[in-house]
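As given, the protein sequences belong to chains D and Y, one line each in that order. Everything in the first sequence is counted per this note's numbering, starting at 1 for the first residue and increasing by one. Everything in the second sequence is counted per this note's numbering, starting at 1 for the first residue and increasing by one.
In case anyone wonders, no lab produced these hints; they're calculated from the structure. Please note: incorrect hints may appear among the correct ones.
In silico lysine to any residue, SDA-like type, Cα no more than 20 Å apart, as pairs [what the hints assert, rightly or not]: (1) Y:K762 <-> Y:F719; (2) D:K246 <-> Y:G470; (3) Y:K142 <-> Y:Q85; (4) Y:K604 <-> D:P97; (5) Y:K415 <-> D:G230; (6) Y:K756 <-> Y:F719; (7) D:K187 <-> Y:D635; (8) Y:K43 <-> Y:G144; (9) Y:K61 <-> Y:E136; (10) Y:K742 <-> Y:V786; (11) D:K163 <-> Y:P588; (12) Y:K633 <-> Y:S608; (13) Y:K352 <-> D:H155; (14) Y:K352 <-> Y:N542; (15) Y:K609 <-> D:L96; (16) Y:K2 <-> Y:V22; (17) D:K237 <-> D:G328; (18) D:K91 <-> Y:S608; (19) Y:K620 <-> Y:F750; (20) Y:K702 <-> Y:G470; (21) D:K75 <-> D:E25; (22) Y:K604 <-> D:S101; (23) Y:K604 <-> D:S121; (24) Y:K620 <-> Y:D635; (25) D:K285 <-> Y:K2; (26) D:K237 <-> Y:Q636; (27) Y:K352 <-> D:D148; (28) Y:K697 <-> Y:Q636; (29) D:K285 <-> Y:L18; (30) Y:K609 <-> D:S101; (31) D:K237 <-> Y:T478; (32) Y:K61 <-> Y:Q85; (33) Y:K620 <-> D:S101; (34) Y:K2 <-> Y:E20; (35) D:K75 <-> D:R86; (36) D:K91 <-> Y:T593; (37) Y:K415 <-> D:L96.
Incomplete in silico selection of chain D near chain Y, CB under 8 Å [as the list claims (entries may be wrong)]: (38) L48; (39) T110; (40) M169.
Just so you know, even glycine gets a beta-carbon here, dropped at the ideal spot from N, CA and C.
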Amino acid sequence: MSDLETLERETLAKIAAAETIAALEDARVAALGKKGVVSERMKALGQLAPEERKAAGAALNVLKDKIAAAIDAKKQKLEDAALDERLATEKIDVTLPIAPSPRGRIHPVTQAMEEIVAIFSAMGFDVAEGPDIEDDFHNFTALNFPPDHPAREMHDTFFFNEKEDGGRMLLRTHTSPVQIRTMMTRKPPIRIIIPGRTFRCDSDQTHTPMFHQVEGLVIDRETHMGHLKGTLEAFCKAYFEIDSVKTRFRPHFFPFTEPSAEMDIGYERVGPKDSGEIRIGQGAKWMEILGSGMVHPNVLRNCGLDPDEYQGFAFGMGIDRLAMLKYGIPDLRDFFAADARWIEHYGFDPLDMPNLATGLSR
Amino acid sequence: MKFTLAWLKEHLETAASLAEIVDAMIAAGLEVEHVDDPAERLKAFTIGEVLEAEKHPEADKLRVCKVATKDGVLQIVCGAPNARQGLKVAYAPVGAYVPGIDVTLTKAKIRGVESHGMMCSARELELGDDHEGIIEAPNSAKIGESVAAALGADDPIIEFEVTPNRPDTNGVNGVARDLAAAGLGRLITKAPAPVKGEFPCPQAIRLDFPKGAEDACPMFAGRLVRGVRNGPSPKWLADRLRAIGLRPISALVDVTNLLTYDRARPLHVYDADKLKGDICARLGRKGESFRALDNKNYEVDETMTVIADDSGALGLGGIIGGETTGCTDETVNVFIEAAYFDPLRTARTGRKCAIHSDARHRFERGVDPAFVAPGLEMATRIILDICGGTPSDILVAGARPDASRTVAFPSSEVKRLTGIDVDPQRSEAILTALGFKVSRADPWLVDVPSWRPDIEGKADLVEEIARVVGFAALPAETLTARAAVETPKLTPAQTRRSAARRALAARGLLEAVTWSFTDERLAALFCDGPNWLAAQGLILANPISSDLGAMRPSMLPNLVAALQRNADRGRDDLALFEVAPTYASDRPEGQQTVAGGARISNPKRHWSKSERAADVFTVKADAIAAIEAAGAKIDQLQTSADAPPWYHPGRSGVLRLGPKLALGAFGEVHPRVLKAMGVDGPVFAFEAFLDAIPAAKPRATKTKPALEALELLPVRRDFAFVVDETLPADALLKAVRGAEKKLVAEVSLFDVYQGKGVPDGKKSMAVEVTLQPREKTLTDEEIDAVSKAIVAAVLKATRGSLRA
Chain D
1 MSDLETLERE
11 TLAKIAAAET
21 IAALEDARVA
31 ALGKKGVVSE
41 RMKALGQLAP
51 EERKAAGAAL
61 NVLKDKIAAA
71 IDAKKQKLED
81 AALDERLATE
91 KIDVTLPIAP
101 SPRGRIHPVT
111 QAMEEIVAIF
121 SAMGFDVAEG
131 PDIEDDFHNF
141 TALNFPPDHP
151 AREMHDTFFF
161 NEKEDGGRML
171 LRTHTSPVQI
181 RTMMTRKPPI
191 RIIIPGRTFR
201 CDSDQTHTPM
211 FHQVEGLVID
221 RETHMGHLKG
231 TLEAFCKAYF
241 EIDSVKTRFR
251 PHFFPFTEPS
261 AEMDIGYERV
271 GPKDSGEIRI
281 GQGAKWMEIL
291 GSGMVHPNVL
301 RNCGLDPDEY
311 QGFAFGMGID
321 RLAMLKYGIP
331 DLRDFFAADA
341 RWIEHYGFDP
351 LDMPNLATGL
361 SR
Chain Y
1 MKFTLAWLKE
11 HLETAASLAE
21 IVDAMIAAGL
31 EVEHVDDPAE
41 RLKAFTIGEV
51 LEAEKHPEAD
61 KLRVCKVATK
71 DGVLQIVCGA
81 PNARQGLKVA
91 YAPVGAYVPG
101 IDVTLTKAKI
111 RGVESHGMMC
121 SARELELGDD
131 HEGIIEAPNS
141 AKIGESVAAA
151 LGADDPIIEF
161 EVTPNRPDTN
171 GVNGVARDLA
181 AAGLGRLITK
191 APAPVKGEFP
201 CPQAIRLDFP
211 KGAEDACPMF
221 AGRLVRGVRN
231 GPSPKWLADR
241 LRAIGLRPIS
251 ALVDVTNLLT
261 YDRARPLHVY
271 DADKLKGDIC
281 ARLGRKGESF
291 RALDNKNYEV
301 DETMTVIADD
311 SGALGLGGII
321 GGETTGCTDE
331 TVNVFIEAAY
341 FDPLRTARTG
351 RKCAIHSDAR
361 HRFERGVDPA
371 FVAPGLEMAT
381 RIILDICGGT
391 PSDILVAGAR
401 PDASRTVAFP
411 SSEVKRLTGI
421 DVDPQRSEAI
431 LTALGFKVSR
441 ADPWLVDVPS
451 WRPDIEGKAD
461 LVEEIARVVG
471 FAALPAETLT
481 ARAAVETPKL
491 TPAQTRRSAA
501 RRALAARGLL
511 EAVTWSFTDE
521 RLAALFCDGP
531 NWLAAQGLIL
541 ANPISSDLGA
551 MRPSMLPNLV
561 AALQRNADRG
571 RDDLALFEVA
581 PTYASDRPEG
591 QQTVAGGARI
601 SNPKRHWSKS
611 ERAADVFTVK
621 ADAIAAIEAA
631 GAKIDQLQTS
641 ADAPPWYHPG
651 RSGVLRLGPK
661 LALGAFGEVH
671 PRVLKAMGVD
681 GPVFAFEAFL
691 DAIPAAKPRA
701 TKTKPALEAL
711 ELLPVRRDFA
721 FVVDETLPAD
731 ALLKAVRGAE
741 KKLVAEVSLF
751 DVYQGKGVPD
761 GKKSMAVEVT
771 LQPREKTLTD
781 EEIDAVSKAI
791 VAAVLKATRG
801 SLRA
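Take the sequences, apply the hints, and build the full model.
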């Protein structure tokens with residue numbers, strides 16, 4: 001049996017000494033190949049007596065397994081070493097900068113509009129729309145602005161050239177004409193908001209000839225000014241993402257609501273006087289943010305609704321202004337300048353879709 | 001509208017502070033815009049007394065004074081000629097801000113002499129224009145007393161916005177009435193006492209209106225006052241007018257202005273000696289004109305109410321008087337006019353003539369028709385007091401228009417419309433305090449006071465009660481929920497816009513919002529020309545500026561111009577888009593929502609050489625991304641080469657679903673357009689017509705079709721075809737796809753080649769075709785058959801052949 005031990009020692013030594021896959025393969029062939037020493041001995045087993053054959057065969061098989069295992073282990077080791085060596089030559093400079101992928105941005109007006117829609121849809125408001133180019137009836141007369149009444153002068157109106165029939169179209173001065181279009185085509189209950197472009201012939205630091213408004217309209221048999229207050233307070237809390245909001249309703253005049261009110265919200269300025277940040281919801285100062293009221297009986301009548309049967313509220317507010325207040329954007333005129341620096345700075349990631357489940361904004 | 005606190009207190013007996021009055025006004029709907037409280041503004045300045053005034057040793061015109069002040073006796077150097085011993089002065093301490101010279105005082109040495117503070121002139125404290133010398137306060141003033149108080153210049157001025165529905169608050173007494181109703185005090189406005197005439201009015205008055213226009217001036221009252229002495233108003237009157245920003249003119253004119261602001265009752269005074277014949281209120285006549293008190297000539301027409309005498313039109317009724325018959329310091333006989341002019345006619349006339357007068361402002365909103373004669377009496381009394389003279393009887397032409405209205409008012413309306421519980425007693429008390437007369441029948445019958453033309457019905461009375469109770473009493477209630485979980489609220493068109501925006505921003509474009517209007521000249525480049533714009537009614541009559549004169553037929557002019565503005569700032573690699581309306585006519589259906597974008601491309605070099613400048617295919621991809629996000633099936637989209645004329649004719653296309661339905665256009669912007677716009681090209685642009693995308697068919701279920709995950713390996717084969725160089729790739733791809741629809745799963749064009757090996761006028765296009773076996777592995781014979789079918793289909797459709 002010492003013969004087998006010698007064979008084992010020599011073969012394992014040869015395997016251990018193999019420096020390359022090829023040398024290892026030689027060692028394998030020399031031991032386990034068709035004509036290898038172990039194979040030869042296996043063949044020679046047949047010549048032994050049956051009782052000897054069993055014991056010798058078992059011993060040979062043990063040896064064969066041992067050698068095979070040693071070869072596998074060595075092979076793994078050599079392959080690992082070869083891979084390590086190759087990888088060591090494949091080093092690159094991973095500090096090289098990646099290729100820039102352009103960053104698109106969503107305009108703050110879009111973002112604010114979608115935030116507003118998210119809030120009001122949760123309160124059951126549909127989203128209605130109407131044309132920017134309107135006629136006198138929808139923009140004024142039906143909304144209880146009598147012809148030539150000074151109330152019309154509150155709106156600096158853009159007009160189109162007069163037509164042959166003497167009529168002239170105008171750019172809507174508010175989103176309220178869509179109230180009329182809705183009430184004339186739908187039966188109450190009505191609960192809508194109307195976002196959109198509006199136009200006034202006015203341009204200075206705080207006015208642009210085009211701006212965005214969102215109008216709200218609720219018509220049913222029960223809604224009163226208390227609901228208006230509750231709805232707008234809830235809206236302000238949700239929109240500004242604050243726990244509580246201080247509001248003040250003041251009587252005002254709009255031809256299409258009666259009673260009419262403006263709503264102020266409490267705020268304070270934190271930091272330097274001119275560059276400070278506006279905090280909405282707290283503080284001793286008041287800022288007007290919207291006009292509102294109960295829909296005027298004449299407006300309901302103009303739309304074929306009986307004001308003793310139906311009632312409800314309407315409100316309107318500036319979307320651009322809401323975006324400025326929430327996101328600290330200083331100048332309204334920049335909204336429409338299409339300045340890439342401004343859009344990149346104040347704009348939003350396209351994946352940030354306003355959603356009440358995640359919170360409106362990051 | 002402005003008034004002073006002291007003025008208000010002539011109508012309102014109150015112990016309320018200025019702040020309480022302001023808060024109450026705001027709560028009642030009189031929106032205070034500005035409060036100027038001189039006592040607060042000038043609180044740093046107190047009375048001092050000059051004890052000694054010696055000549056400055058180094059300067060002839062300066063005096064070194066010892067001044068007793070609240071801070072002790074101080075040495076102050078002063079240059080005023082009137083700085084003398086015993087004078088009570090306006091002392092400004094070191095540290096005070098002097099508004100008139102915009103300086104904060106510091107301790108100073110003037111020509112070697114220390115000076116602690118300053119003695120101020122009226123101009124320095126913005127109390128007047130006087131800068132000849134320092135303020136001389138009355139001797140009775142006490143050292144340390146506020147200068148504003150000592151000079152009687154501490155009357156706060158309140159400015160508020162008069163809403164068009166409240167003409168009564170154009171007079172101070174109207175403000176007082178609201179405040180009294182709100183519980184701030186007692187209304188003490190005195191009713192004017194009649195002034196007995198001492199002779200019949202010799203000046204005849206006529207109303208001469210055609211049938212149907214009588215309401216232009218239903219009532220015209222007047223009287224003559226003989227023997228007046230006109231001249232500057234007394235100080236109290238001049239001060240009062242100055243405080244609210246009016247320039248005192250002469251006593252007679254100032255009295256009319258006083259009533260305009262005190263009682264919202266405009267009047268007019270004529271120099272009776274300059275009138276020729278009867279005074280006549282009538283409609284204007286074509287060709288007539290007159291010179292007004294503002295020293296301008298106005299043409300009148302037959303829609304306007306004029307006041308005339310035998311010489312012709314003198315002025316516009318309720319708007320402005322005439323220069324020729326105006327009162328001057330020489331006037332001795334004055335004719336006072338009090339009339340009622342129709343609000344709408346006054347508004348139209350005022351707008352036509354562009355005259356903004358206090359009278360127009362009041363008449364067009366509606367003055368109190370019951371206060372015509374009382375206003376005349378009141379003015380007479382004040383004129384007699386100031387200017388003397390003898391009054392005639394009052395002469396009235398026409399009659400007071402009947403403004404009486406009674407509103408049937410169930411008191412439950414307050415709760416129905418506001419949700420506030422108001423005790424009926426309180427409601428009645430509020431209405432009464434505001435001048436309404438309440439008869440408590442069922443429903444209540446409420447008589448509307450003559451000065452409230454805005455009150456038409458129940459809702460108006462609800463507002464009166466609620467605003468006096470205060471909107472702070474509004475309950476905050478939640479709208480009734482309509483569903484446990486709300487249903488989707490956006491229409492498909494609205495959802496489309498949002499999706500298109502997010503898709504384009506995800507491709508790296510920046511969202512812009514630009515004006516709906518644009519330069520008419522630019523607009524004409526992006527439609528069928530200027531005549532088309534006019535014919536569609538898209539030209540504004542009163543644009544904000546000449547370069548924003550037309551509604552945009554496309555958003556591209558705005559976006560392209562914006563690209564150039566950014567490039568001018570050094571940002572020459574930029575992609576902008578906008579999802580917004582464009583206008584093809586002035587009808588509602590002419591407004592279309594378009595996702596448009598434009599790119600200027602100068603990408604920065606990168607070490608990886610991965611940068612790629614935008615080209616026609618970048619904007620084609622933009623357009624397709626927007627269209628796909630908006631819900632169109634893009635696998636059926638075809639491209640035709642017939643884009644609108646603002647695109648490069650050879651490098652542009654239209655994306656279509658079928659021959660008639662264009663969903664978008666894209667391409668390089670036409671160089672001629674860019675040149676006209678002063679833009680450096682190239683610019684690539686696209687427009688996706690979101691409203692044109694067919695609505696998705698409603699589906700009964702959200703279930704998706706089962707996944708068909710085929711086990712058999714796909715087979716790929718390459719083909720290179722030689723075709724005409726003008727052949728659109730679309731035609732080749734369509735032919736290959738259609739050759740064997742069951743097996744051809746995908747066709748990918750991977751090479752387009754012209755040059756060596758390809759005949760002139762031809763090009764080679766190479767496609768990789770993926771065949772997807774479904775039931776069993778394809779045999780070589782089957783693959784050959786498909787290949788032959790493909791080659792045959794290409795030959796038939798394009799006359800192209802396999803490249804040798």
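request  = Report holds or violated for the interface hint on D:L48, using the least CB-CB distance to chain Y and a cut-off of 8 Å.
outcome  = For D:L48, the interface hint is violated, since the closest Cβ of chain Y sits about 53 Å away, which is over 8 Å.
query = Is it true that the CA of Y:K697 sits at most 20 Å from the CA of Y:Q636?
reply = Judged against 20 Å, a Cα distance of about 16 Å means the pair holds.
ask   = Going straight from one Cα to the other, do Y:K762 and Y:F719 come out at no more than 20 Å?
value = Measuring from Cα to Cα gives roughly 16 Å; hence the hint holds.
key: Pair hint Y:K604 and D:S101, alpha-carbon separation not exceeding 20 Å   = holds (11 Å)
query = Is the straight-line distance between the alpha-carbon of Y:K609 and that of D:S101 20 Å or less?
reply = Holds, because 14 Å separates the two Cα atoms, which is no more than 20 Å.
query = Under the criterion that the straight-line Cα-Cα distance not exceed 20 Å, is the pair D:K75, D:E25 satisfied?
reply = It holds: about 9 Å lies between the C-alpha atoms, which stays within 20 Å.
inquiry  = Against the 20 Å threshold, does the CA-CA distance of Y:K352 and Y:N542 hold or violate the hint?
reply    = Roughly 15 Å between the alpha carbons, so the hint for Y:K352 and Y:N542 holds.
task = Take the C-alpha atoms of Y:K61 and Y:E136, compute the straight-line distance between them, and say whether it is at most 20 Å.
result = Status holds; Cα separation ~19 Å.
request  = For the pair we were handed, D:K91 and Y:S608, check the Cα-Cα distance against 20 Å.
outcome  = Cα-Cα ~17 Å, so holds.
query = Quick one, are Y:K43 and Y:G144 close enough, alpha carbons at most 20 Å?
reply = The hint holds at about 11 Å.
query = Holds or violated: Y:K352 with D:D148, Cα cutoff 20 Å?
reply = Holds, at roughly 11 Å.
inquiry  = With the threshold set at 20 Å, check whether the alpha-carbon distance from Y:K2 to Y:E20 stays at or below it.
reply    = holds (17 Å)
Hints 7, 12, 20, 23, 25, 26, 36, 37 and 38 from the earlier list are contradicted by this structure; the remaining hints agree with it.
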